[in-house]
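Novice: From first to last, the protein sequence lines are chains A and B.
The first sequence begins at 422 in our numbering and counts up one residue at a time.
The second sequence begins at 203 in our numbering and counts up one residue at a time.
I should point out that these hints are in silico values taken from the structure, not numbers from a laboratory.
Treat the hints with care, since some could be wrong.
Stated by the list, open to error - Which chain B residues stay away from chain A? Per the calculated CB distances, all over 10 Å, these: (1) V215; (2) W242; (3) T353; (4) I397; (5) A403; (6) S407; (7) L408; (8) V495.
Stated by the list, open to error - Reference listing, derived: stretches of chain A covered by chain B, where coverage requires no fewer than 3 residues with Cβ under 8 Å from a Cβ of chain B: (9) 519-531; (10) 537-546.
The model shown is predicted, which means the values in this text are computed figures rather than measured ones.
For every residue, glycine included, the Cβ atom is placed at its ideal position computed from N, Cα and C.
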Amino acid sequence: MIEIETLSVERDHAPVLHDLSLALPAGGLTALIGPNGAGKSSLLLTLAGLIAPRAGRVRLDGEDIHAMRPQARALRLAFLGQEQAQVSRLTVREMVGFGRWPHHRGRPGPADRAAVAGALALFGLGELAERPVSSLSGGQRQRTQIAMAHAQATPLVLLDEPLSALDPRYAREVMEALVAMAHDPAAPRGVVVVLHDLGMAARYADHVVAMKHGRLVAAGPRREVMRDAVLSALFDTGLKLREVEGAQVVLPA
Amino acid sequence: MRLSLVLIFVLLVGASLGIGVADLSSVDVDAGLLLAISRWPRTAAALLAGAGLALAGVVVQLTVQNRLVEPGLTGTPEAAMIGLLGITLFAPGAPILIKMAVAALAALAGTLGFLALARHVPRRDPVLLPLVGLVYGGILGAAALWGAWITDLMQYLGTWTAGEFSGVLRGRYELLWLVAGLGVLLWRAADRITILGLGEAQARSLGLDYRQTLVLGLGIVSLTVAVVVVTVGALPFVGLVVPNIVSRLRGDNLRANLGPIALSGGAAVLAADMVGRLVRFPYEIPAGTVFAVAGAGVFLWLLHAPRREGRAHG
Chain A
422 MIEIETLSVE
432 RDHAPVLHDL
442 SLALPAGGLT
452 ALIGPNGAGK
462 SSLLLTLAGL
472 IAPRAGRVRL
482 DGEDIHAMRP
492 QARALRLAFL
502 GQEQAQVSRL
512 TVREMVGFGR
522 WPHHRGRPGP
532 ADRAAVAGAL
542 ALFGLGELAE
552 RPVSSLSGGQ
562 RQRTQIAMAH
572 AQATPLVLLD
582 EPLSALDPRY
592 AREVMEALVA
602 MAHDPAAPRG
612 VVVVLHDLGM
622 AARYADHVVA
632 MKHGRLVAAG
642 PRREVMRDAV
652 LSALFDTGLK
662 LREVEGAQVV
672 LPA
Chain B
203 MRLSLVLIFV
213 LLVGASLGIG
223 VADLSSVDVD
233 AGLLLAISRW
243 PRTAAALLAG
253 AGLALAGVVV
263 QLTVQNRLVE
273 PGLTGTPEAA
283 MIGLLGITLF
293 APGAPILIKM
303 AVAALAALAG
313 TLGFLALARH
323 VPRRDPVLLP
333 LVGLVYGGIL
343 GAAALWGAWI
353 TDLMQYLGTW
363 TAGEFSGVLR
373 GRYELLWLVA
383 GLGVLLWRAA
393 DRITILGLGE
403 AQARSLGLDY
413 RQTLVLGLGI
423 VSLTVAVVVV
433 TVGALPFVGL
443 VVPNIVSRLR
453 GDNLRANLGP
463 IALSGGAAVL
473 AADMVGRLVR
483 FPYEIPAGTV
493 FAVAGAGVFL
503 WLLHAPRREG
513 RAHG
């Protein structure tokens with residue numbers, strides 16, 4: 422359970438979140454949606470403890486995220502930012518292995534190796550394990566990153582636009598990987614993800630949080646938030662959700 | 203690959219000990235003495251300086267997440283020279299260790315200045331950052347030149363800027379062994395510095411103390427550069443060329459690459475020094491000059507190469 426209480430955040434001296442209060446469920450896949458500049462990434466970075474709020478609090482299972490030591494926080498939540506400045510030449514196995522770093526701090530044991538092997542298998546990376554990340558396709562790189570977050574074995578995983586710049590096929594691969602992680606029978610965890618693609622949110626999310634201008638517009642189970650009226654008001658343009666061959670799609674109204 | 207590298211390394215060291223104006227097999231020469239006071243110190247100095255600068259290069263590249271940057275492109279040696287000028291001016295009699303410490307602190311300040319600058323450089327094009335570093339280093343270098351000119355210390359500045367090993371004798375290079383100690387420190391911090399290379403957000407979300415690791419890494423870089431500048435003079439491109447070639451062949455895991463980078467860095471600088479000794483035998487060309495010529499070529503190749511690798515998404 423993540424409790425966000427009267428949270429206000431500034432970035433570069435400009436307010437980006439205003440007095441936001443919200444409770445996020447501990448499990449399942451939660452999508453953060455909203456127009457550009459809504460404050461989705463800022464909220465995610467604040468949840469990750471990477472930026473400090475100007476006012477208010479974020480509590481994870483009752484504990485203030487910003488009061489935790491970085492090392493302790495890394496055992497509670499994993500964060501995956503937008504694309505890195507430089508593509509790493511670590512192998513897939515090495516990269517996923519660094520997800521275990523908060524657990525072993527430099528001395529990996531059998532449990533760490535097992536967690537890495539499990540993450541590689543879950544995301545279909547077994548055959549790519551010894552390849553450098555720089556030689557992979559965009560979708561494979563994202564899956565590697567997600568496997569790394571999975572290996573970190575935290576109850577909460579936060580992802581900032583993991584689908585940006587991905588082809589439809591890769592985007593689908595990544596979303597299915599996230600669903601697999603959220604509903605992994607061995608260790609289900611809460612996955613909070615910023616999404617631009619409303620269709621993806623409509624298809625895969627369990628819960629949806631809609632934001633605009635740094636304020637909360639709606640939050641709840643997918644069916645409650647992903648409605649024509651809410652989406653149209655959120656994006657200031659007519660939108661409608663329709664089911665086409667069993668899948669939710671967003672169309673201009 | 204590892205065995206062949208070690209073999210090349212041993213051959214280079216053997217050749218370096220054998221090359222010089224005096225003929226070791228001549229009866230007029232005390233070969234043992236010559237080796238002990240000149241040839242071995244010169245060889246060791248080249249190896250240590252090369253190893254240190256190559257390691258400093260990879261640390262800088264991981265820290266700023268840009269493969270085209272090296273200590274010579276972050277204002278580090280120029281800042282060290284400003285520090286050296288200052289201490290030479292205000293405390294000319296200070297022991298060499300103090301001078302070096304001042305140079306290292308100045309180098310660290312200069313490097314952190316570059317880092318502050320780098321935060322405002324757009325990351326889209328990786329070529330931009332080294333160019334900014336070139337300009338920044340140029341400004342610091344000009345300040346050092348001006349300072350040396352008005353204080354009549356131009357001769358000192360000359361020895362710091364042009365890296366060469368002809369003046370290395372027993373008793374005048376031993377400070378470079380500090381590089382070996384820094385190598386050990388780097389070994390201990392290798393994983394943390396590899397994590398720095400994943401970017402600040404990723405590093406911090408893995409529970410890394412980001413600032414502390416950053417200062418540790420750049421502290422090692424600054425100290426290495428300061429020691430090299432004080433003892434043999436700045437050697438450009440070593441930190442750029444060597445880590446890039448090793449990373450292409452062996453990836454980005456610093457702990458696994460530490461040995462190969464140090465060995466190849468030492469071998470590359472030693473080879474450059476030997477070329478400098480042989481081209482106009484018995485006269486010499488500074489190793490730094492030889493390396494700059496070869497390094498500029500490799501740098502151009504590296505500028506061209508990333509286009510093929512696919513920077514963002516493949």
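Novice: So which of those numbered hints doesn't the model satisfy?
Specialist: As far as the earlier hints go, 4, 5, 6, 7 and 10 are violated by this structure, in ascending order.
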